[in-house]
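2 protein chains.
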Amino acid sequence: MNNREIEEKMVEVVKDYYEKEKLNDTLAYREASEENYKAVSNLKFPKEGRSIDEMIDLLNRDVFPYRVVGDHPRDFAFIPAPVEEISKIGDVLTTLYNPNAAGWFSAPVIASIENLLIDFLCEKVGFGKESGGTFVSGGSLSNLTAIVAARDDKLEMDNINKGVAYISNQAHHSVNKGLRIVGIPDSRIRSVKTDENLKMIPEELEKLILEDRKNGLIPFMVIGSAGTTNTGTIDPLFDLAQVCQRQNVWFHVDGAFGGSLLLSDTYSKRLRGIELANSVTWDAHKWLFQTYTCAMILVRDKKTLLKSFSDNPSYLKDAHSEDQIESWDLGPELSRPALSVKLWLTLQTLGLDEVERRIDHSVKIGEKAESELRKYDHWQIVTPGEQAILTFRYYSDKKTEEELDTINTEISHGIVSSGFAVILTTEIKGMKVLRMCTISPKTTNEDIEMVVEKLNECVKSLKL
Amino acid sequence: MNNREIEEKMVEVVKDYYEKEKLNDTLAYREASEENYKAVSNLKFPKEGRSIDEMIDLLNRDVFPYRVVGDHPRDFAFIPAPVEEISKIGDVLTTLYNPNAAGWFSAPVIASIENLLIDFLCEKVGFGKESGGTFVSGGSLSNLTAIVAARDDKLEMDNINKGVAYISNQAHHSVNKGLRIVGIPDSRIRSVKTDENLKMIPEELEKLILEDRKNGLIPFMVIGSAGTTNTGTIDPLFDLAQVCQRQNVWFHVDGAFGGSLLLSDTYSKRLRGIELANSVTWDAHKWLFQTYTCAMILVRDKKTLLKSFSDNPSYLKDAHSEDQIESWDLGPELSRPALSVKLWLTLQTLGLDEVERRIDHSVKIGEKAESELRKYDHWQIVTPGEQAILTFRYYSDKKTEEELDTINTEISHGIVSSGFAVILTTEIKGMKVLRMCTISPKTTNEDIEMVVEKLNECVKSLKL
Numbered sequence: 001m002n003n004r005e006i007e008e009k010m011v012e013v014v015k016d017y018y019e020k021e022k023l024n025d026t027l028a029y030r031e032a033s034e035e036n037y038k039a040v041s042n043l044k045f046p047k048e049g050r051s052i053d054e055m056i057d058l059l060n061r062d063v064f065p066y067r068v069v070g071d072h073p074r075d076f077a078f079i080p081a082p083v084e085e086i087s088k089i090g091d092v093l094t095t096l097y098n099p100n101a102a103g104w105f106s107a108p109v110i111a112s113i114e115n116l117l118i119d120f121l122c123e124k125v126g127f128g129k130e131s132g133g134t135f136v137s138g139g140s141l142s143n144l145t146a147i148v149a150a151r152d153d154k155l156e157m158d159n160i161n162k163g164v165a166y167i168s169n170q171a172h173h174s175v176n177k178g179l180r181i182v183g184i185p186d187s188r189i190r191s192v193k194t195d196e197n198l199k200m201i202p203e204e205l206e207k208l209i210l211e212d213r214k215n216g217l218i219p220f221m222v223i224g225s226a227g228t229t230n231t232g233t234i235d236p237l238f239d240l241a242q243v244c245q246r247q248n249v250w251f252h253v254d255g256a257f258g259g260s261l262l263l264s265d266t267y268s269k270r271l272r273g274i275e276l277a278n279s280v281t282w283d284a285h286k287w288l289f290q291t292y293t294c295a296m297i298l299v300r301d302k303k304t305l306l307k308s309f310s311d312n313p314s315y316l317k318d319a320h321s322e323d324q325i326e327s328w329d330l331g332p333e334l335s336r337p338a339l340s341v342k343l344w345l346t347l348q349t350l351g352l353d354e355v356e357r358r359i360d361h362s363v364k365i366g367e368k369a370e371s372e373l374r375k376y377d378h379w380q381i382v383t384p385g386e387q388a389i390l391t392f393r394y395y396s397d398k399k400t401e402e403e404l405d406t407i408n409t410e411i412s413h414g415i416v417s418s419g420f421a422v423i424l425t426t427e428i429k430g431m432k433v434l435r436m437c438t439i440s441p442k443t444t445n446e447d448i449e450m451v452v453e454k455l456n457e458c459v460k461s462l463k464l
Numbered sequence: 001m002n003n004r005e006i007e008e009k010m011v012e013v014v015k016d017y018y019e020k021e022k023l024n025d026t027l028a029y030r031e032a033s034e035e036n037y038k039a040v041s042n043l044k045f046p047k048e049g050r051s052i053d054e055m056i057d058l059l060n061r062d063v064f065p066y067r068v069v070g071d072h073p074r075d076f077a078f079i080p081a082p083v084e085e086i087s088k089i090g091d092v093l094t095t096l097y098n099p100n101a102a103g104w105f106s107a108p109v110i111a112s113i114e115n116l117l118i119d120f121l122c123e124k125v126g127f128g129k130e131s132g133g134t135f136v137s138g139g140s141l142s143n144l145t146a147i148v149a150a151r152d153d154k155l156e157m158d159n160i161n162k163g164v165a166y167i168s169n170q171a172h173h174s175v176n177k178g179l180r181i182v183g184i185p186d187s188r189i190r191s192v193k194t195d196e197n198l199k200m201i202p203e204e205l206e207k208l209i210l211e212d213r214k215n216g217l218i219p220f221m222v223i224g225s226a227g228t229t230n231t232g233t234i235d236p237l238f239d240l241a242q243v244c245q246r247q248n249v250w251f252h253v254d255g256a257f258g259g260s261l262l263l264s265d266t267y268s269k270r271l272r273g274i275e276l277a278n279s280v281t282w283d284a285h286k287w288l289f290q291t292y293t294c295a296m297i298l299v300r301d302k303k304t305l306l307k308s309f310s311d312n313p314s315y316l317k318d319a320h321s322e323d324q325i326e327s328w329d330l331g332p333e334l335s336r337p338a339l340s341v342k343l344w345l346t347l348q349t350l351g352l353d354e355v356e357r358r359i360d361h362s363v364k365i366g367e368k369a370e371s372e373l374r375k376y377d378h379w380q381i382v383t384p385g386e387q388a389i390l391t392f393r394y395y396s397d398k399k400t401e402e403e404l405d406t407i408n409t410e411i412s413h414g415i416v417s418s419g420f421a422v423i424l425t426t427e428i429k430g431m432k433v434l435r436m437c438t439i440s441p442k443t444t445n446e447d448i449e450m451v452v453e454k455l456n457e458c459v460k461s462l463k464l
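In the order they appear, the protein sequences are chains R and H.
According to the working numbering, the first sequence holds residues 1 to 464 in order.
According to the working numbering, the second sequence holds residues 1 to 464 in order.
The reader is advised that the hints may include incorrect statements.
A pair holds if it fits inside one copy or across any two, identical chains being indistinguishable in the list.
Unchecked claim - Restricting the straight-line Cα-Cα distance to at most 25 Å, the calculated cross-link-like pairs of lysine-lysine (DSS-like) are:
(1) Lys38 <-> Lys129
(2) Lys364 <-> Lys199
(3) Lys47 <-> Lys364
(4) Lys47 <-> Lys442
These are computed hints drawn from the structure, not numbers from a lab.
Starting from the given sequences, assemble the full structure and let the hints guide the process.
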């Protein structure tokens, strides 16, 4: 195929998406059938190429439609991906030119854009002049990058088997995974108690640290959360930071989800104390409306990343040589796409006021969902919707806890299989609960009212 | 902006690329000027959004053109990215639908495509029924994934500080980085001697292993290369595998670059022994013509990945539950784009014969470059072009080694700044040499002849 034909196909693909798929985008979830799987598994990789039209048709027909539609106004599962379409334009540009965004030689102006973004985000965190960071493939990798930096800052390599890390019992499982990768097994990961609001208790943390130190272990890292995945709960960051400073322990804040609150004048104060962290994880493919993926690791002192990831000792001498620092010296990856350009394009063209409006909107939609559910006695709010994540469950004092778990699971199945909305369950304080993450800027009050109505119908149909 | 406007902009972006940028694509490298940097740095992130047309113009004018053009027929630097345009169509589809490719619930048919590809690639390696793997963000992460699996298979967590890894003195620096991330410092990374052809010497390896074991250390991993980044050299994989089996050490093969030789009937035999490895890294954004990024980790026994990365112990009991294994249980990442779809589309529509033809072509172009340079006395071949990577240097017995280093650096500067071709230097056996990686399917014999002519001109202009 020549470039002219490629161009035509690509234009067709774009038009088909916006004129067919996007317009028919009424379902938040479509379940795949045996037929769809077979369409794919029947096609061995052939010696002679197949028709590109047929293959694109197949992808449009049997593959891509079957998914959780992350930018659907009624996808409330996981952390949805409520993508701004402008991000897709940035992504398409990135695909077309396909620069290798690692390095000042390969793609110099993109490296410069990346620096501008990292500086901007560090400023939002409240970090000072020594701060820095880089783009990474996702929140898991960002957390891992921070964990490596923390370990190398606080432990000697031969002391890894004495290092202890502290996380909340609500932490995302990628945090445990990251710790295991760097050599900290579960037996040296302390799960710190949380209070009735699921916030890590600073006094409990400090007690554990002192105890471990008494036992000859080396506490090296605390991981707090600026919005847990489960409930959006923000740990008492300021108080945790005080404990960490007192105890000389690295303080990492997982803001993969909630970091974006920093772009809201109204809600950024909820993250007070994040400016005292040593490192922050922030995903732009979550609450900054980017396509998969776009994540950042930000650190108070960029020398800590260089110490772990750079082979170039000259960097460590001269902390002011920002301009020449290669991104591979700040993290575990090397060649990678220009993850930053789509975010840059989005912020430049939406403007920060609009981004703020969207974040504020998400919080209000979470509150709306909460108040809508409170109208009915059979819905019990488990954790409030104040950070755009709400958990709740069907409740009746005539049912056992076991029965309630089953009922709530069935409600989730009912609403998901209808495709009208995606609401999954999670476990909180031993209960199976329903969970809604309301970060789509497209979700309206009417959506919420319809969803609650649908939930009520699900309950009714169960004939409890 | 509504979807109609987004569609129009995106179509415009595609057309502009193919009708302007792509047609003017005569330079392999364009250096950015102060003006380009300023165009970007002058634009603070605004409260009110800027015009999207202006921002796209700026990206097309000041940002993207300035790069190493990875798919240019005369980009010979690093491992180039000689992207097949069909991969870009797959990427655009992935961007538009933006599925979260992690997980059978989020994107079931894509998960199925991923399995089909992993199975196909494992079969090419020569792995058996227990094999598996996953897509990861790049070669560095793939190597890291293998290193974690190796460590967890051969060491106890409390023995990490006794673990020793063995790499060739030609190994890619991402390997050292990966080892440090999992807790193996440079002091326990042995750099095994290579022979005059830069291949790791199995006898030297075994000697080091025995020595370390005698000293109470625990040899756990050998990393061989199926095509080094520097010279394309393939280690004696079969013999290394024998040593590893004898010594009960994990054998990882870094085939990020050279793994693709497995798709050539003619050249796959050069990788004999790779089928005995425990794990293999393979990047499709290198010699399989994909956009950034598309990389795979493949393992002989998928249970080894599950042991390191899964929280779900039931997987470990039932190795036959392939269908339900989530990709996040096989590697360090979670949410991610559908990296597999573009590769699937490329293989289906090009066909395996065409892929093979392209790989064979690259090898021949490397050989052509070698024979073309051999026509001139002032060019000295340092390592042969047989694996599509050739190193050579200007040589004259009237110059000192130091002078030769300077001259060869100047030749590289000369050709890069002309934009006609990108040829960088690397260091081999203490010498500064020129290096050409010839994996672009678009590179012709005429390109090579022109490049050698240009190199000769560079030499002449230096008036040596």
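Do the hints match the structure? See the list:
no.: 1; hint: Lys38 <-> Lys129; result: between (56 Å within a copy, 21 Å between copies)
no.: 2; hint: Lys364 <-> Lys199; result: within (22 Å within a copy, 63 Å between copies)
no.: 3; hint: Lys47 <-> Lys364; result: between (55 Å within a copy, 21 Å between copies)
no.: 4; hint: Lys47 <-> Lys442; result: between (46 Å within a copy, 21 Å between copies)
Checked against the numbered hints above, the structure breaks none of them.
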